[in-house]
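**Student:** Below, each chain spelled out in residue letters.
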Amino acid sequence: MLRLFPVVTLAVFLAPVAAGMVATALPAFGYLPALGGHQVGGAPWQRLLATPGFWTSVHLTVQSGLLATLLALAIVIGFCSAMHNTRLFRRAQVILSPLLATPHVAVAIGLAFLIAPAGWASRLVSPGLTGWQRPPDLAIVHDAGGLSFVLGLLLKEVPYLMFMTLSALNQIRSGETLVAARSLGYPPAAAWLKTVLPQIYPQIRLPVYAVLAFSMSVVDVAVVLAPTNPPPLSTLVFRMFTDRDLAVVFPACAGACLQLLLVVAMLGVWRAGELGFPMLTRRWLTAGGTHKTGAGLRAMWTAVMATMVALSILGTLSLAVWSFTQTWFYPRALPAAWTLSHWERHAADLAGPGGTTLATGLAAALLAMVLSLGCLQNERVNGLGSAARALWLLYTPLLVPQIAFLFGAQMLLVRMGLDGTWIALIWSHLLFVFPYVFLSLADPWRSFDLRYRNSALALTGSPLRTFLRIELPLMGRPALFALAIGFAVSVGQYLPTIFAGGGRFTTLTVEAVTLSSGSDARVTGIYALVQAGLPLLAYMLAIAYPAWRYRHRKGMG
Amino acid sequence: MKRLLATIVFLGWATAQSQEIPDSWPGVLEKARGQTVYFNAWAGDENTNAFIAWVGQRVREAHGIELKHVKITLTSEAVARVIAEMAAGRHTGGSVDLIWINGENFLAMKEQKLLFGPFTQRLPNTSLVDTAGKPTTVIDFTVPVDGLESPWRMAQIVYAYDSARLQNPPRSIPAMLDWARRNPGRITHPRIRNFLGSTFLKQALHELADDPKVLLEPATEASFIAVTAPLWRWYEQLKPTMWRKGEQFPETGPAMRQLLADGEIDIMISFNPNEASTAIGKGILPDSVRTFVLEKGTIGNTSFVAIPTNAAHKEGAMAVANFLLSPESQAHAMHPNSMGNFTVLDLNRLTPADRKRFEDLPRGVATLSAAELGRPLLEPHPSWMNRIVDEWERRYAK
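Chains as they are written, first to last, in the working numbering: chain A, 1 to 557; chain B, 1 to 398.
Misleading hints may appear alongside valid ones.
[Unchecked claim] Listed below are several chain B residues computed to face chain A (Cβ distance under 10 Å; list not exhaustive):
#1 Y38
#2 T142
#3 I192
[Claimed, not checked] Restraint-style ranges between C-beta atoms, simulated for each label pair:
#4 B:E328 - A:I423: 50 to 56 Å
#5 B:R394 - A:L129: 42 to 48 Å
#6 B:E328 - A:A544: 45 to 51 Å
#7 B:A371 - A:A336: 33 to 39 Å
#8 A:G276 - B:R182: 51 to 57 Å
#9 B:E111 - A:A11: 42 to 48 Å
#10 A:N382 - B:G89: 45 to 51 Å
#11 B:D178 - A:R332: 44 to 50 Å
[Stated by the list, open to error] Some residues of chain B that are not near chain A, with every Cβ distance over 12 Å (derived):
#12 N40
#13 G44
#14 R171
If you're looking for bench data, these hints aren't it; they were derived computationally from the structure. In this text, all values refer to a predicted model and were calculated from it rather than measured experimentally. Beta carbons: idealized from backbone N, C-alpha and C, even for Gly.
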């Protein structure tokens with residue numbers, strides 16, 4: 001029975017992703033009989049290449065993807081190396097977890113509200129410091145270089161990579177390594193870079209790849225922050241899929257394939273960089289010598305990290321301020337009049353999308369939990385090691401651009417008559433929820449002390465009772481945390497909801513993205529805030545419940 | 001999205017389900033009761049969304065209909081979904097029951113025979129529509145409506161400006177260019193794929209074309225080049241003087257309105273003569289904002305709702321279309337605190353009590369009188385709009 005879990009999991013995941021990719025690739029070469037596509041050839045590609053601004057879109061995608069990944073990695077490594085084992089470092093996990101919980105779109109909208117020429121930051125210092133009576137005519141958001149887009153990505157990728165790095169640090173004996181290195185005279189940061197980094201990088205490699213793939217293929221954040229004329233490739237392709245002229249499906253599929261090829265190519269470039277980097281730095285790595293002490297470095301990385309946190313928090317705060325605004329004209333620092341009326345008016349409207357978000361998130365997270373527990377328990381009972389290959393498979397939905405297979409996967413759903421149903425919606429979310437739930441559960445599960453299980457088995461003789469009464473409760477905290485992560489991932493899903501929902505399902509994320517393209521800042525604020533609030537609430541529950549439930553049991557809370 | 005996908009598959013979906021629409025209106029309402037109507041409507045404007053929510057509440061009370069607003073960013077998304085479903089053989093039980101539509105999207109659906117009807121004559125309230133005084137309620141962008149779509153609100157281009165910063169707004173298309181040269185960075189339009197973006201150019205074309213009558217005929221390759229040449233000469237000069245040097249554009253009308261509110265721009269185009277007043281009332285725009293129209297007039301049109309041939313809940317959709325035409329709904333829509341759109345009805349055909357609903361409406365501080373607005377100019381044939389969008393992208397999407 002348990003042995004079925006990995007098989008079922010793979011069937012739920014990889015088969016549809018692969019089939020979806022094939023079903024997207026065929027129209028890219030002209031084959032789609034239902035739309036009159038019988039002639040196989042390169043015409044869709046020609047049409048794609050002829051799209052105005054096409055090359056700019058490609059360039060933007062590559063540039064912003066690489067830049068976001070490089071900067072996120074640099075910030076995380078820089079911070080860890082300079083701050084390792086300081087008090088701030090030990091608290092980083094607590095400080096960053098709300099940022100990790102906040103969906104990308106909410107962060108992006110908050111950032112836009114904050115840094116736009118007429119944004120809150122500009123209002124706070126105008127006209128006092130700047131003399132601006134009107135917002136400056138500067139392209140800060142949607143800037144042609146895509147820098148605000150990169151910044152918006154960083155606000156989410158840095159906390160994510162930071163978490164992955166922290167958990168990798170727990171796997172190695174970083175403390176002892178560092179003591180050894182420092183006793184040889186290396187300053188702390190250099191010691192970390194030379195001895196710890198080479199050990200942990202292999203462990204965060206896949207998360208880094210996921211960041212690169214995500215940055216290159218995200219649509220929702222791009223809609224809010226990226227250049228618009230033309231947009232990055234992902235948005236361009238997404239718009240083609242929604243064109244009135246159905247013949248555009250062919251070049252759209254070609255674009256989706258290109259998106260995949262680009263990501264693969266850039267992963268290749270990144271891999272080459274990984275191989276080249278040690279060669280270039282070997283002399284520095286093996287050279288002894290002492291360097292300057294780290295006080296200046298510490299201050300710098302603390303400042304960078306603090307800026308990230310501050311931008312996220314202030315952005316979210318500006319969502320809140322706008323949602324209570326009656327009247328707020330530039331350059332006032334705060335609204336001239338406040339009101340509760342927007343919340344009152346939209347409370348009822350929020351219920352529908354809020355309910356869909358909640359139901360989908362809970363269902364996807366719970367299903368992911370069951371599958372993860374099944375796989376992990378199978379591993380434990382049947383003694384299968386966790387092969388690195390399995391980890392790669394797990395990351396597949398995170399590495400393949402969503403747009404490259406969602407269209408094709410949707411065709412399968414239509415064929416089965418499942419499009420626009422709850423099953424389709426929850427399945428499409430599960431694809432992206434499962435890897436995160438599994439990964440966050442795997443480490444605590446694997447480090448479980450098997451003597452508990454053996455004693456319980458000896459006493460009860462029932463593997464099921466042992467699992468339910470002993471193993472699961474002992475893992476209550478990480479399990480709830482994994483559920484919260486899964487829920488947060490589901491809340492943030494945009495494209496899967498659009499494709500699999502068939503217009504029948506509206507989640508808070510879909511509403512927030514639709515509203516962010518225009519509409520009223522005050523209403524956008526409400527939706528983005530609630531969207532950000534749900535996962536935060538889940539995180540808080542995941543932390544608070546075990547503490548309360550096990551308050552009488554030392555060591556379990 | 002599903003629309004595309006549905007296409008691909010050869011579903012033997014068509015079932016022998018009864019598609020008979022009852023003959024009598026009470027029969028229609030009876031069948032409509034309990035139906036869920038999926039209303040695909042552009043959702044970029046908060047006031048309109050709130051109005052649709054209000055309609056939903058009223059049709060639930062009055063007819064037991066569940067109205068679901070499927071919020072879309074472009075009307076073409078819904079059109080494409082219907083096309084795809086039909087191509088896939090889903091001739092009944094389609095996912096779109098009602099579409100907010102006009103212009104090029106209506107033409108596309110009409111040409112491909114994707115619309116249910118004619119049905120408007122079956123709606124009791126259609127008799128109240130002012131077809132003589134408001135010819136755009138029966139001729140949509142030069143295309144005869146033929147009973148395939150039911151009007152629900154009037155629209156006319158106006159320009160809003162902040163009188164605190166600008167006393168004498170330019171009242172012709174050439175004057176607008178002169179003004180923009182003297183005040184760089186103070187005007188913009190939504191991006192070209194947004195209907196207001198192309199409308200900005202369409203209005204300019206109407207004034208700049210040697211003979212605007214040609215715009216009523218479908219555009220051809222040759223006529224388009226000749227007729228739009230003055231437009232591009234004008235726009236070429238205007239673009240670098242625009243907000244963000246004409247390199248960036250707000251996504252939508254409401255996004256542009258925010259720019260006016262923040263003082264980033266001084267003039268914006270609007271398709272709702274009441275938009276400025278409504279926004280002032282809600283504290284979105286400063287109360288110094290006013291509206292103006294061009295000396296030679298501005299383009300006007302009508303918003304419609306249509307029912308796809310494969311709609312699953314046609315009776316419910318008809319009941320909603322009829323409710324939209326009711327004096328109650330029309331007066332609610334016209335209130336400056338709601339959308340502030342002008343009614344499609346002929347007030348002379350209403351009962352005194354219903355007429356009073358309109359006479360009692362307050363007029364917004366920034367709203368022009370009917371005389372000041374003038375008789376609206378006719379919309380060009382949709383092909384002009386489509387070609388303008390393509391040509392703009394060819395020239396400027398780099």
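**Student:** Against each hint, give a clear statement of whether it holds in the structure.
**Tutor:** Hint check:
1. Look at Y38 of chain B: its Cβ gets to within about 8 Å of chain A, closer than 10 Å, so that hint holds up.
2. Taking 10 Å as the C-beta cut-off, the interface hint given for T142 of chain B is violated, the closest approach to chain A being about 19 Å.
3. Because the closest C-beta pair between I192 of chain B and chain A is about 8 Å apart, less than 10 Å, the hint holds.
4. The beta-carbon spacing between E328 of chain B and I423 of chain A, approximately 41 Å, falls outside the hinted interval of 50 to 56 Å.
5. Under the hint 42 to 48 Å, the C-beta atoms of R394 of chain B and L129 of chain A, about 44 Å apart, fit the expected range.
6. Under the hint 45 to 51 Å, the C-beta atoms of E328 of chain B and A544 of chain A, about 50 Å apart, fit the expected range.
7. At roughly 35 Å, the beta-carbon separation of A371 of chain B and A336 of chain A lies within the given 33 to 39 Å, and the hint holds.
8. Roughly 56 Å separates the CB atoms of G276 of chain A and R182 of chain B, a value that falls within the hinted 51 to 57 Å.
9. Judged by the Cβ atoms, the range 42 to 48 Å given for E111 of chain B and A11 of chain A holds: they are separated by roughly 45 Å.
10. A C-beta distance of roughly 48 Å is found between N382 of chain A and G89 of chain B, which places it inside the suggested range of 45 to 51 Å.
11. For the pair D178 of chain B and R332 of chain A, the supplied restraint of 44 to 50 Å is violated, since their beta-carbon distance comes to about 33 Å.
12. Separation of N40 of chain B from chain A is inadequate, the least Cβ-Cβ distance of about 7 Å not exceeding the 12 Å criterion.
13. Distance check on G44 of chain B: its Cβ comes as close as 5 Å (rounded) to a Cβ of chain A, failing to clear the 12 Å threshold; non-interface status is violated.
14. At roughly 24 Å, the least C-beta separation between R171 of chain B and chain A is larger than 12 Å, which holds for a residue marked as non-interface.
Figure legend: structure checked against the earlier numbered hints; hints not met, in rising order: 2, 4, 11, 12 and 13.
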